[in-house]
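Peer 1: Here is how the chains run, residue by residue.
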Amino acid sequence: GGNAEAPSTAQDAGPKEIVLRVGIDADPGTLAPFVKSGSGFATISYTLYEYLGELSEVGGVLEGYIMKEYKEVAPLVYEVTIYDYVHDTAGNHINADDVIFSIAKMKEMGGSGNMRYIDSFEKVSDYTIRLKLNSNFVGGLNKVIASCRIVSKKAFEASKDGMATTPIGTTGYELEKYVPGSVVRFRKTNNHWQKDASKLATLQAANPDVIEYKIIKESAQMAIALETKTIDLAVNMSNIDAQRFMDNKAYTVFQNASNITNQMYLNLDTDSVFYNNLPLRMAVLRSIDKQGLVKGAVSGYGAPLKDFGSNQFPDFNPKWENEDYNDYDPVKAKALLAEAGYKPNELTLRIMTDNTPIRNKVAQMIQGYLMATGIKATILQYDQALFNNYKIDTKDKYEWDIMLDNTGASDYLVSMYRAKFDSRQYSNGTTNGVKDETLQKYVDRANALDGHSTTDVDNLHYYMKEQAYAMGLFSHITFMVGRDGIETLTYDAKCYPAPANTEFNAKY
Amino acid sequence: MQTHDKAYLSVRDLIVDYTSDGAVIHAVNNVSFDLYRGKTLGLVGETGAGKTTIAKALMRILPDISAKIISGKVMLEGTNLFELDEEEMRQIRGERISMVFQDPMTALNPVMKVGDQIAEVVSLHSKVSYEEALQVAIKMLETVGIPAERHIEYPHQFSGGMKQRVVIAMALACNPDVLLADEPTTALDVTIQAQVLRMINKLKNEKETSMILITHDLGVVAQVCDYVAVIYAGEIIEYGSKEEIFRKPSHPYTLGLFGAIPKLNEDVSRLANIKGLPPDPSNLPYGCKFHPRCSYATPECSEQSISLLPIQGNHLCRCINIGKMSKKEHTNGTSC
Amino acid sequence: MAPVVEVKNLCKYFNSRRGLLHAVDGVTFSIDAGKTTGVVGESGCGKSTLGRTIIHLLDSTSGDVFYKGRNITNVRGNELRQLRHQMQIIFQDPYSSLNPRMTVEATIMEPLKLYERMTKAEMQKETDRIMELVGIENRLRMAYPHELDGGRRQRVGIGRALSLKPDFIVCDEPVSSLDVSIQAQILNLLQDLQDEFDLTYMFVTHNMSVVRHVSDNICVMYLGQMVETSPVNELFDTPLHPYTKALLSAIPSTDIDNQKELEIIEGELTSPINPKPGCRFAKRCKFAVDACHQPQKLEELLPKHFCACCRARELNGL
Amino acid sequence: MIRYIIKRILWMIPVILGVAIFIFSLMYFVPGDPAAIILGSDATELELNLLREKLGFNEPFLTRLVEYLANVFLRFDFGESYITHNSITTELVRRMPYTFTLAVLCMLISVAGGVPLGVNAAVHQNKWGDRISMLIALAGVSIPAFWLGLMLVLLFSLKLGWLPAYGIGGIQYFILPAIANSLGQLAMLARQSRSSMLEVIRSDYIVTAHAKGQTKNKVIYKHALPNALIPIVTVAGSNFGRSLGGTVIIENVFSMPGIGSYMVTAINQRDYLVVQGSVILLAVSFCFIILLVDILYAFIDPRIKAQYEGVARRKKHV
Amino acid sequence: MSRNSNSKAIIKRLMKNKAAMFGLALFVILIFLSLVSPFIMKYSYFEMNPSAMLEGPSWEHPFGTDDLGRDVLSRILYGGRYSLSIGISSVVVALSISMVVGSIAGYFGGKIDNIIMRLLDIIQSVPGILLTIAISSAFGSGFDKTVLAIGLAQIPSFARILRAAIMNIRKMEYLEAAEAIGAKRYRIIFVHVLPNAMAPLIVSATMWIANTMLIAASLSFVGLGVQPPTPEWGAMLSAGRAYIRDYPHLVIFPGLFIAITVLGLNMFGDGLRDACDPKLKN
Ligand SMILES: Nc1ncnc2c1ncn2[C@@H]1O[C@H](COP(=O)(O)OP(=O)(O)OP(=O)(O)O)[C@@H](O)[C@H]1O
Ligand SMILES: Nc1ncnc2c1ncn2[C@@H]1O[C@H](COP(=O)(O)OP(=O)(O)OP(=O)(O)O)[C@@H](O)[C@H]1O
Ligand SMILES: [Mg+2]
Ligand SMILES: [Mg+2]
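Sequences listed follow chains A, B, C, D and E, in order.
The numbering used here numbers the first residue of the first sequence as 246 and each following residue consecutively.
The numbering used here numbers the first residue of the second sequence as 2 and each following residue consecutively.
The numbering used here numbers the first residue of the third sequence as 49 and each following residue consecutively.
The numbering used here numbers the first residue of the fourth sequence as 28 and each following residue consecutively.
The numbering used here numbers the first residue of the fifth sequence as 8 and each following residue consecutively.
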């Protein structure tokens, strides 16, 4: 990619400026580079800052942005070299000191959780730094590289508010206008440091002359904004709203499978009903019609999972697709329930979930499915903050029996297993209290740099399936709707669109 | 009631009803009377007798939601006020007929300067500039004994007596031909009452104003009035000159009224009293409205409607048993 | 005859926004047993406050109150509650003096419930007796105050006061909000009750003719102070204090044959807040001299006839 | 008057301090850990603890409270957001104009619409005019602002294209949100206006005004309305508080970068300092409006002015 | 309390007021429907039907179905239990606490009153909905917590209303009479003061029940309050706004029921106020 040439209508008197107005559904809150960014900033981020590097797409390959190359000098020790002609939009030259500064700041300010995998980092030469990682797992380096936004130390220190409103990055865009909470506008500088187009990574393109982000939090307003032509592209529209534009010639609806998938966890703490009761776990899993969830919760825009995660990743084994993954079987479920020692309607389970619209529906549907099997269920729904609290807080016993959550990864399927089932990260076994050495072994093997073979991944997959500790439910599709003339949209490895990469056709 | 050709204001067959919570209250029933130039008519009666209603009806300022003038006419120098349209009536209010209200504490607008409140009525009825109207107002204030410089003050800065004087000044500002004074002194202390009464008398004499004075204080009546109408349950039950009424009260109710007030200059060991209670105005007895409480009542009293008939000259009374009452009790009542 | 209530130098001050309000200021008088003592004066002169302070509804600021010779100024708690048996009050406003949510029966019975160890039946009987006494028909037993007219309400108030069988009752303008015909009924009732039970009344009013009718002795108050006190006829025949005189002559008479011009006291009642020493009437008094601005003493100028005016002797030729 | 205003302003200090303490304590006990939010769901317990330590969450309550109060009231520093690390003070100052413009506009709309509606209803009591006005008012109080907001957008932005649907810019951007946010208050004001007008219309001085020969309209607007204004102004003042509160919702619907939307984001992120700062700022501005209302009282009602000036009110006698 | 009232008179007047009775009838019908709905409705409020999602009104589903194919009518009727009980219980919470606070302040006056009033000043200077949101975010979401948050935030204004009423009653002579016959203080408060001071509080509490539904909707809007799947009307309304254009029945019907409740309770409250204060009538 990377063709910055916008196919503007040649007949026009002068070169028409291409303005792309993008509606985003969350407030970035700040434009600062080292602050942990929410979904609001994620979209804007690529227009403003560059990373050392990033995966080309979900499960893709690592592309250097500022990083020219890296090499492994010892196990878990890497030397990263950046281009020696990088400069930011204010003209500050970027060298290894700036990189060291940026990594240090990122770590200090907690801008990315991935920084915790860095054991130490130091400058090696003017344009080379040495990174020592502390964990042995596949994709570790990718995570670190793709989490480091690089800015000039000088520029950062000159900014009064840590670049919250006066950011200076190294992309082809410059901030033109910022009304916090409302509008962020960038203008192309035509002075990007990377003049060699062949060395540009996918997301480094700078197509529109002006990109203006508008924050529109109310979902109904997003559609209205498109219809009243006050935005050109709507990011993250609900499938309900998106459907309105599907048959409309004046708009293009972009569908993209999300890298974030929905999972269900069973409480396996020692005092849980599920503990030492495999038939019961199976009964619950078998009660759930994943296809039905797709239909009900996301109007069919998604797919049931055949593993804990989705098939987007390179380490997903295609043969799983046709196998049974504790799939819906109401008859068997009833039998399993009996086998587990419960009479119909004897057992009541608590389903905990956050309050996102999708999982809100999933929870209600699961409640219904369980009821059909003969298990009563109550729903405990918390806002994101409380949900995280109850999820992590293991000082006492869990407040739930079934937890619904989502997990995403940008590189490997096994990353998700590692995130949830690595007992080293949790004081109480895994995220759902599993204390199982075998599982730990499989997780470790599948994630190890010298592991991660098809067999290792298969072992993990089948073991998880047999033990029924948790289950992947479905993946869903995200919708971006653009007005006619927007040809292609590009997404990053976390499935956020990068508007600077948008390609337009003549109708725009 | 015989017509007096010099009658300045005459009221004929006035009937006013209120509706409240679905019940119809017969507040004024067939009231007729005349008012002469420069004379004062006293309307005397107990609470709820309908005195205020009569006065408000004359000015057509009854609450239009609940009150209804059923019939009657009010002739002011030959014009029937009830036939005027609202705009013409407005011209008459304040200019030709004005009213002093029962409670001086509440009759003044608390957020307007007293000077402005008086000036308002002046400027409504004469084609003078507001400045001039204010000058008139200030003069009126001085007339009632309030220093001119206090016209910029608000009602709350005045005492009760002064407020009543302001109200009177307001009522008199346009030299009305008829003044309706509704219990102008009931809310006041005796010493203040004396001041106000004296002032009313003075103004009346100077300006030849006709006045209707509503009160239930017979002392005030004796002090100020020329004629007296005793009202009971919305009817005039006795009418006459002050002398006639005080010397020879004829209706049993009037008699009772006189007997019930302790006298300053005389000792009785026990007050005569009227037994029972005033009738429920929504359910008035048939015939003589007083008969349930009357010690002279005969069966006829409840069988026919009783009319107001002259006993002597202009002295009218609504009772069929006057003749039958013993002479002794009669004189007893008048011993004041 | 021993006085039932004696008041010595009683003061009651209120804190007000602008200063100390001398509602009752150094009042001394006594009330004879079985008699009615009238207290008159203009609105706000402290009549009600005096009555309420005597029966301990308000705490006095200073001075003493004696009941049947016993100093009750500082009684508290149970002792005070016992005293309530003997001293009662009837209020001016029959509308606000009855709890709108209590029936006639409940109102009259409440004091009995509070004190007497009576059975329910006894209380019922006692209520019957009181209702008959004050002339309330038995059918109104379960009626609420708003269903009653002013006269009947006042009877209920009287009944409530009587149910404890008090000796002494403060009547705070019990008839001034009633119509004349009803007023006469109530006055007669009070009189009958007094005769029957040998009650002692302190009768507060501003209606001179009423006070003349009911009282044996009379006290005239002006701005918190007692200016004159004497037997009733004496006061009406030979008023000594200029204020009393003015008050009497300001009352319009119903005697149309002897109409006199009403006498006017110029000016109005001044504020009782932080008053200056001396005669408080001086400002409105046509006889005022410098000596009037000195504190005045209540002196017995004629037998049983006290007056607080330094010029009273001279003006009345005594 | 000036002294009164100064006194009131001084009194605001403890009130606002109280608000700060109150909100701080409330937020202190909020479950849901910002550290968990900041670090996301894959944080380890160790990391969480480190962050808590860093953010000072492990300090005792009082220490944190005192430190917070000192920062807010001595250094005018609301701290920095846990999430964005931005200075909350800067952010609040930046967002304030939008929120206030919106709230003031809301107040204007509700007054301009509600008062005439209520007065009209009162004047035509129990007639059609009254019924229709009150039906409008009832509809107003029963429609949630966000629902109305979206409906207005559909009509005026999408269908008619008259007004912008969201965002900020000129005054036209504020119109729809202001209408949506103020309808409920307009309705309340209409009801209040109606009932206080009804009360006033029954007053004697209104009859007096009629008796002077004043025209109906003048009586209503010159005599009645000014007297009915106190409760109306009171409601209008508290409506300002409601408008401020309403911005929490309406700013989100209309994507306005005011304090309300700032606060909602913060609540969901457990960004306590932001929530505290926003609430304190809104409370302070509400306090000022209440002060303004109190001062306005003095201009509406001379009696209140007199009170402020320390001249006691006319005494009321029973 | 058996001696309870002049309420008889109030009730009599109230019964005569057609609008008030109509309002009360609406409210009672809603309560009744919410109680019997499980027995009379064809569908239960949680029964999902994936083949009938987001259907508009029809004979089968008079109010249509929601995004999970549940019958909206059943949900609304059943949801009345939550909505109405949020209103009623939060009023009970607010009333019980504000009665204590208000009567202490009103009856004892003086310093205690001053302190209480200053505290209320402080709480009241936080605009109501903000306060509710703040309290609610402290408690978290859920039915009981929402009730508490809404109720607690209302205490200051209820306490003030009660205090004002008590201040009025304090001037009444029947209190003096009670004191004169030696009634003890608690008796005076509970027998003579409170019952007579409750009327304005009850009136505003009545009207306020309706308001809680709007507050609940607002709380849901900001992600607090009772969370769906609870078929609380405010939450349904808030959740349905995503469908406001394509499937308006998801917001219109809960909105309508809120409006009916508000209408009914306000009509009743207006009537109650008129009945308590007959002066106001004419
Ligand atoms: N607005 C009204 N609505 C209904 N009834 C009314 C109204 N005003 C007066 N009444 C009734 O009409 C009757 C006559 O009342 P009015 O005020 O004329 O009596 P009054 O003689 O002036 O009494 P008072 O001496 O108390 O002033 C009374 O029964 C009263 O209750
Ligand atoms: N509780 C109180 N607090 C403050 N001031 C009071 C109080 N009660 C009475 N006052 C004041 O004390 C003075 C005397 O009042 P009081 O009620 O005793 O007068 P009164 O002679 O009974 O008047 P009225 O004839 O109007 O009943 C008045 O100025 C009054 O305002
Ligand atoms: Mg009258
Ligand atoms: Mg008194």
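Incorrect hints may have been included.
[What the hints assert, rightly or not] Derived DSSO-like pairs: lysine-lysine, alpha-carbon spacing no greater than 30 Å straight-line:
{"#": "1", "chain 1": "D", "residue 1": "Lys186", "chain 2": "A", "residue 2": "Lys474"}
{"#": "2", "chain 1": "C", "residue 1": "Lys116", "chain 2": "B", "residue 2": "Lys208"}
{"#": "3", "chain 1": "B", "residue 1": "Lys69", "chain 2": "E", "residue 2": "Lys23"}
{"#": "4", "chain 1": "E", "residue 1": "Lys49", "chain 2": "A", "residue 2": "Lys588"}
{"#": "5", "chain 1": "B", "residue 1": "Lys128", "chain 2": "D", "residue 2": "Lys81"}
{"#": "6", "chain 1": "B", "residue 1": "Lys7", "chain 2": "B", "residue 2": "Lys114"}
{"#": "7", "chain 1": "A", "residue 1": "Lys710", "chain 2": "A", "residue 2": "Lys588"}
{"#": "8", "chain 1": "B", "residue 1": "Lys140", "chain 2": "B", "residue 2": "Lys205"}
{"#": "9", "chain 1": "B", "residue 1": "Lys243", "chain 2": "C", "residue 2": "Lys116"}
{"#": "10", "chain 1": "E", "residue 1": "Lys23", "chain 2": "D", "residue 2": "Lys332"}
{"#": "11", "chain 1": "A", "residue 1": "Lys261", "chain 2": "A", "residue 2": "Lys540"}
{"#": "12", "chain 1": "C", "residue 1": "Lys116", "chain 2": "E", "residue 2": "Lys191"}
{"#": "13", "chain 1": "C", "residue 1": "Lys308", "chain 2": "B", "residue 2": "Lys243"}
{"#": "14", "chain 1": "B", "residue 1": "Lys264", "chain 2": "B", "residue 2": "Lys40"}
{"#": "15", "chain 1": "D", "residue 1": "Lys332", "chain 2": "A", "residue 2": "Lys377"}
{"#": "16", "chain 1": "B", "residue 1": "Lys114", "chain 2": "D", "residue 2": "Lys154"}
{"#": "17", "chain 1": "B", "residue 1": "Lys205", "chain 2": "C", "residue 2": "Lys83"}
{"#": "18", "chain 1": "C", "residue 1": "Lys161", "chain 2": "B", "residue 2": "Lys276"}
{"#": "19", "chain 1": "A", "residue 1": "Lys440", "chain 2": "A", "residue 2": "Lys494"}
{"#": "20", "chain 1": "B", "residue 1": "Lys208", "chain 2": "B", "residue 2": "Lys264"}
{"#": "21", "chain 1": "B", "residue 1": "Lys140", "chain 2": "D", "residue 2": "Lys154"}
{"#": "22", "chain 1": "A", "residue 1": "Lys313", "chain 2": "A", "residue 2": "Lys368"}
{"#": "23", "chain 1": "E", "residue 1": "Lys191", "chain 2": "E", "residue 2": "Lys178"}
{"#": "24", "chain 1": "E", "residue 1": "Lys15", "chain 2": "C", "residue 2": "Lys161"}
{"#": "25", "chain 1": "A", "residue 1": "Lys368", "chain 2": "A", "residue 2": "Lys440"}
{"#": "26", "chain 1": "E", "residue 1": "Lys191", "chain 2": "C", "residue 2": "Lys173"}
{"#": "27", "chain 1": "A", "residue 1": "Lys398", "chain 2": "D", "residue 2": "Lys81"}
{"#": "28", "chain 1": "B", "residue 1": "Lys69", "chain 2": "D", "residue 2": "Lys186"}
{"#": "29", "chain 1": "E", "residue 1": "Lys15", "chain 2": "D", "residue 2": "Lys154"}
{"#": "30", "chain 1": "A", "residue 1": "Lys621", "chain 2": "E", "residue 2": "Lys15"}
{"#": "31", "chain 1": "C", "residue 1": "Lys334", "chain 2": "B", "residue 2": "Lys205"}
{"#": "32", "chain 1": "C", "residue 1": "Lys161", "chain 2": "E", "residue 2": "Lys23"}
{"#": "33", "chain 1": "A", "residue 1": "Lys316", "chain 2": "A", "residue 2": "Lys739"}
{"#": "34", "chain 1": "C", "residue 1": "Lys173", "chain 2": "E", "residue 2": "Lys15"}
{"#": "35", "chain 1": "D", "residue 1": "Lys243", "chain 2": "B", "residue 2": "Lys140"}
{"#": "36", "chain 1": "A", "residue 1": "Lys368", "chain 2": "D", "residue 2": "Lys243"}
{"#": "37", "chain 1": "B", "residue 1": "Lys74", "chain 2": "D", "residue 2": "Lys243"}
FYI, nobody ran anything at the bench for these hints, they're computed from the structure.
Peer 1: Which numbered hints turn out to be false for this structure?
Peer 2: Violated hints: 2, 5, 6, 9, 10, 11, 15, 16, 17, 18, 19, 20, 21, 28, 30, 32, 36; rest satisfied.
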